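Participant: The primary structure of each chain is shown beneath.
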Amino acid sequence: MSSHEAEWEGPRGRARRRFTWSGLLWSFIYPQRGNRIVPTVPGVILIGLAFGIGTAAYNSSSNILFITLSLLLACLILSGVLSWLNLRGVQWRLVLAPPLRVGQVTTVVLELRNQKRFLPTYGLWFEFSARVMDDAGAAAGSTISASAAEMKRIFAKAAADGQGERIALAQRLDPKGEGRVEWTFRPARRGRVRVELVAVGSLFPFGFLRKGLGTATRADALVWPAPVEYRRQAVATPRRRAGGERVSRLGSSGDLLALRGYAQGDSHRLIHWKASAKTGKLLVRQFAADSAQSHALWLRTDAAMWGEGERFERLIGFAGTMAEDLFRTGRLMRVSINGEPPLPVRRPRDLEIWLNRLAVALPAREALEPEERPPSMAGLITFAPDGASGVIAIMSGEVTAWA
Amino acid sequence: MGMSTTAAPRPQLTLDELHHLKWVLGSLLTLVGLGAVFYLEVEAWTLTGVTAACTIATMLRPGLPARVPGFVHTLAFPLIVGFFIADVWRRGEVLPAIVRLDILLLLYRNITYRQRRDDLQLIVLGLFIIIVAGVLSVSPTFAVQLLVFAACALALLLVVTLADSLAGPAARAPLAPGAMPAWAKRADVAHLIGRLRAVLDWRVLVLGTVLFGGVVAVSALLFLAIPRFQLENSMFLERFIAKKAKTGFSDSIRFGDVTEIQQDTSIALSVDVSDHKHIPASPYWRMIVLDSYEGGVFRMSSRLKQRELMPERSGTTAGGAVRPRRGEAVYWTFYLESGVSRFLPLVGPFQTISFHEAQHFRVAPRLAMVALREEPVTMTAYRVEDFDLSGTVPDLRFAENWRARTEGAPPREEHQVALPLTAAEHAVVERAVAEATGGARPEAGEFARLAGEWLRRQHAYSLAPQIPAGEGDALVRWLASRGSGHCELFAGSLVLMAREAGFPARIVTGFRGGSWNGYSNNFTIRNSDAHAWTEIFDERSGAWLRADPLGSGASAADEVRGEAAVASRLDRSWKARLDSLRMLWYRRIVSFDQQAQAEALQAVKDVARSSGREVRERLEAVVAAIKGWLAAPWGWTRGLGVAGVVALAGAAVWLLGRFGPGLWRRLALRRGVRGEDPVRREAGRWLGRLGQAEPAPEHAEVRADLLRLRFGARASWAKPEAVFRRARQTVRTARPRGRVTRS
Chain C
172 MSSHEAEWEG
182 PRGRARRRFT
192 WSGLLWSFIY
202 PQRGNRIVPT
212 VPGVILIGLA
222 FGIGTAAYNS
232 SSNILFITLS
242 LLLACLILSG
252 VLSWLNLRGV
262 QWRLVLAPPL
272 RVGQVTTVVL
282 ELRNQKRFLP
292 TYGLWFEFSA
302 RVMDDAGAAA
312 GSTISASAAE
322 MKRIFAKAAA
332 DGQGERIALA
342 QRLDPKGEGR
352 VEWTFRPARR
362 GRVRVELVAV
372 GSLFPFGFLR
382 KGLGTATRAD
392 ALVWPAPVEY
402 RRQAVATPRR
412 RAGGERVSRL
422 GSSGDLLALR
432 GYAQGDSHRL
442 IHWKASAKTG
452 KLLVRQFAAD
462 SAQSHALWLR
472 TDAAMWGEGE
482 RFERLIGFAG
492 TMAEDLFRTG
502 RLMRVSINGE
512 PPLPVRRPRD
522 LEIWLNRLAV
532 ALPAREALEP
542 EERPPSMAGL
552 ITFAPDGASG
562 VIAIMSGEVT
572 AWA
Chain E
756 MGMSTTAAPR
766 PQLTLDELHH
776 LKWVLGSLLT
786 LVGLGAVFYL
796 EVEAWTLTGV
806 TAACTIATML
816 RPGLPARVPG
826 FVHTLAFPLI
836 VGFFIADVWR
846 RGEVLPAIVR
856 LDILLLLYRN
866 ITYRQRRDDL
876 QLIVLGLFII
886 IVAGVLSVSP
896 TFAVQLLVFA
906 ACALALLLVV
916 TLADSLAGPA
926 ARAPLAPGAM
936 PAWAKRADVA
946 HLIGRLRAVL
956 DWRVLVLGTV
966 LFGGVVAVSA
976 LLFLAIPRFQ
986 LENSMFLERF
996 IAKKAKTGFS
1006 DSIRFGDVTE
1016 IQQDTSIALS
1026 VDVSDHKHIP
1036 ASPYWRMIVL
1046 DSYEGGVFRM
1056 SSRLKQRELM
1066 PERSGTTAGG
1076 AVRPRRGEAV
1086 YWTFYLESGV
1096 SRFLPLVGPF
1106 QTISFHEAQH
1116 FRVAPRLAMV
1126 ALREEPVTMT
1136 AYRVEDFDLS
1146 GTVPDLRFAE
1156 NWRARTEGAP
1166 PREEHQVALP
1176 LTAAEHAVVE
1186 RAVAEATGGA
1196 RPEAGEFARL
1206 AGEWLRRQHA
1216 YSLAPQIPAG
1226 EGDALVRWLA
1236 SRGSGHCELF
1246 AGSLVLMARE
1256 AGFPARIVTG
1266 FRGGSWNGYS
1276 NNFTIRNSDA
1286 HAWTEIFDER
1296 SGAWLRADPL
1306 GSGASAADEV
1316 RGEAAVASRL
1326 DRSWKARLDS
1336 LRMLWYRRIV
1346 SFDQQAQAEA
1356 LQAVKDVARS
1366 SGREVRERLE
1376 AVVAAIKGWL
1386 AAPWGWTRGL
1396 GVAGVVALAG
1406 AAVWLLGRFG
1416 PGLWRRLALR
1426 RGVRGEDPVR
1436 REAGRWLGRL
1446 GQAEPAPEHA
1456 EVRADLLRLR
1466 FGARASWAKP
1476 EAVFRRARQT
1486 VRTARPRGRV
1496 TRS
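Sequence order for the protein chains is C and E.
Residues in the first sequence are numbered from 172 upward in steps of one, following the working numbering.
Residues in the second sequence are numbered from 756 upward in steps of one, following the working numbering.
Hints in this document: simulated from the structure, not taken from any laboratory.
Note that the structure is predicted; figures quoted are calculated from it, not measured.
Treat the hints loosely; a few may be bogus.
As the list claims (entries may be wrong) - Ranges between beta-carbon positions, derived for each pair:
hint, chain 1, residue 1, chain 2, residue 2, range
1, C, 255, E, 1468, 35 to 41 Å
2, C, 259, E, 960, 16 to 22 Å
3, C, 195, E, 1455, 54 to 60 Å
4, C, 259, E, 1326, 35 to 41 Å
Virtual Cβ for every residue (Gly too), placed ideally from N, Cα, C.
Kindly generate the complete structure, drawing on both the sequences and the hints.
Facilitator: This is the structure in structure tokens:
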């Protein structure tokens, strides 16, 4: 899973639209979806005062009251102008650092910068939300196309679930300065999660109006299943040989297994200079690993067998945790799910692919055909239900772990 | 969750400092609001003084509110409510009681630590006092006060928003009674001022000032543009407050009362005249006619009231005794300050009178008098069309009665000739008449002149009258003496003498003269211009003649008028300049109505149209001139001249391109105004040049200095000019990098 870094965005979105007076006027009549302007208590008082003074002015024809009314209305206009100036030139970018895992704290960083020449920005707040999307993807509950009321509802629900929060920018954002806001949350479900900056809001300058701008800033990520605690049992394997078995799997023994292209982070000692000189591109050596026993995981997700509830989630978590543990000890060769082709696991990236696959795994509606089943082999671990909600891992017909 | 920003070059106020600033602004707001009480004329001086003192004390020592005992907070609400109820019950005036309640709440809000809603309450309370004072006084001070208040209130709201943003929702918990917030423990006004100076960016300050100027401008535009409807009703707050007129201008006066008014130099009346040709050199602004004299008191008799004052009516216009005449009407617009009188000053009989706001009033056309029902608590504006400036008040009905008297002998007092004196007093007055007239029996006008001269011979004018002690009528005693006296004594004595001689006579009080403001072009009449004079009935003309024993003696008809009269009263002093602002306020703001709005909009339209036309005409003229110049015959001389100009322009452009950027950099270096520090930029430039040179040990020092200028703290800098000079020398002497030299 790679880092999700969005582009810089501002109050008017990514693309800077050309300013037109007609556009400005039209925006007053039909504001952009998601934008909210709600009067606060001082705002309601101001409006009430203006209304009362206006009524008194018309009833008494008193120019003193008309002056006061004019001043109150001018203050309201000033408030709007300052609010616009405050938000102008502010840009933000959402940075989401993987991996995300159910139940583990995830930090979302919003980088900020103020592009104005000499005006600082004050008193902004940012409403974040994280929502697991269903199979329909972005269409489900997008805040970009949602109305203000829908957004409010979405955010309220997210906040109630602990998947949304309002973070205030307490410090001043200086002209040409940068800042960052961090939001942490714990994903509640595995799957495809969308972290969104739902709105940028402010009470600046006078607190008359609570102004919120809907934004299109978001980042998608996969949430891996939560680690599951399980008990293991040593498996007696009759074919196990002393000294271990040489397997075609990446490791750190002295036997050269293959060559591959250089990737950033590879040790320079692994570069195969001769081969690199011949081919004209950097190649690194891959060695075979020593292993006492290598395993393959095969996961069946038949709905008839697992249902859709807690046991299924336990199965997914179990498969992920076991894969990680086996990989960590260098004993994982392949993984596969249902009838999908087996995935060799040589590098951490392969394990990430497996966890990503598990993140979006769903109960299979149809039973597997016989030819879709992987051939029976030594070290193949499969899973089966156990009791009311338990899951067991089976290898060579014997239970090797319980969860 | 968390938040951070990059290191800020300017410091930022801490939460404690923001709270302290909020507190100070709230105190200032309170003081501005209390300032309005001074011209509201509500009896709340003690309460206002206490509130102001407490506000200043708590502003300077924010720790003081923590010392207020807890039971004060417990009892505050019931005590304040009880105070208000008792106040209304005891005095029976609602609006003053509300104002006092407002001040009391302001006091309480300044001796307790305020939450957000309390700050809002403070703003509303202060605004209420200012609006009430503005509506009731219609004073130009209101505009200044409202602007200052608005600036303070906006600043307070801004600080409240920033403090809330910094503190977050958790910090909004109410403070326990008697507890002192952390910011108050460390509060120091001098420190706060120092911090504010450090925090403020002059550009932001300038922008803030410009924006506030924009608010004022937008307010003015909105004021002009807000649609007006003439609803023809009034008495909005006025009905809730009573105001007493200054003594001397009621329908009953004693000797000495007018003199008291003369000590007051404040403005009583401002008058606009549409046609300056009609301005008299010595105008008399008549207000009240006092026909009855008894026991040393002149008063307007009930009989005269019943007979002359028409029934009360409500509205904005009323007719007078003068008939419409041909030619363009002359309009006199009066702005009568509050507290002067409910009797409106007028120059004489008039054709029509109209009020800016609807009024309850009674008119006496034959007396040239208009009386409002109540003493106006606010400035009263009215406009009069066409005065009779002859100085006489025709009264045909009285003339008929007077003639009837000679035939049928009706009661004397009805004809304003009653003289309730003892025989001895009659003898004194009779002797005075005889001395004045020399035993002759002149006409009314001549008698008034002779009597006036006699009075001036016998008595000097003085604001400190010398009335001999003794029994009987004080006025007769003064008449018989040679003591000095004021206008009232002169006018009263003339009335006695005229009545003794058989002429109907009466006293009229009002103002005489006034100054002509050379800036705003209007009459300004002050309370010190208060005057009393006599009117004597002339049987031959059937009119009351003005007879002022202290006047010039010239008749009104013979007076100079127009520009000469203006010149004789012209006032272009600094005081007049200040008074002109008041007049501007009355003309353009207070009297602004639907018609004025239409006129203003039309004026704006005309100006826009005419200026557009003017610009177009000028452009056309310029284009025509260029065309004409090009079409003129070309010769060597002309060609050379043009070539020279083109060459000069080219040279200027080249010079600008060659040396302009350098000059600009030096200028920026000197001024220090750019986004990036010019010293740092210049240091970067020299570092770049030095980097192109071959490294040498002797460069290390200047490179270090340049690096310090480029990236180091300002305190560690050497003198930039000296470093740049050394850098220039080093670059000149250094060998370029990579160049091979031959030996």
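Participant: Going through the numbered hints above, which ones does this structure break? Give me the numbers in ascending order.
Facilitator: 4
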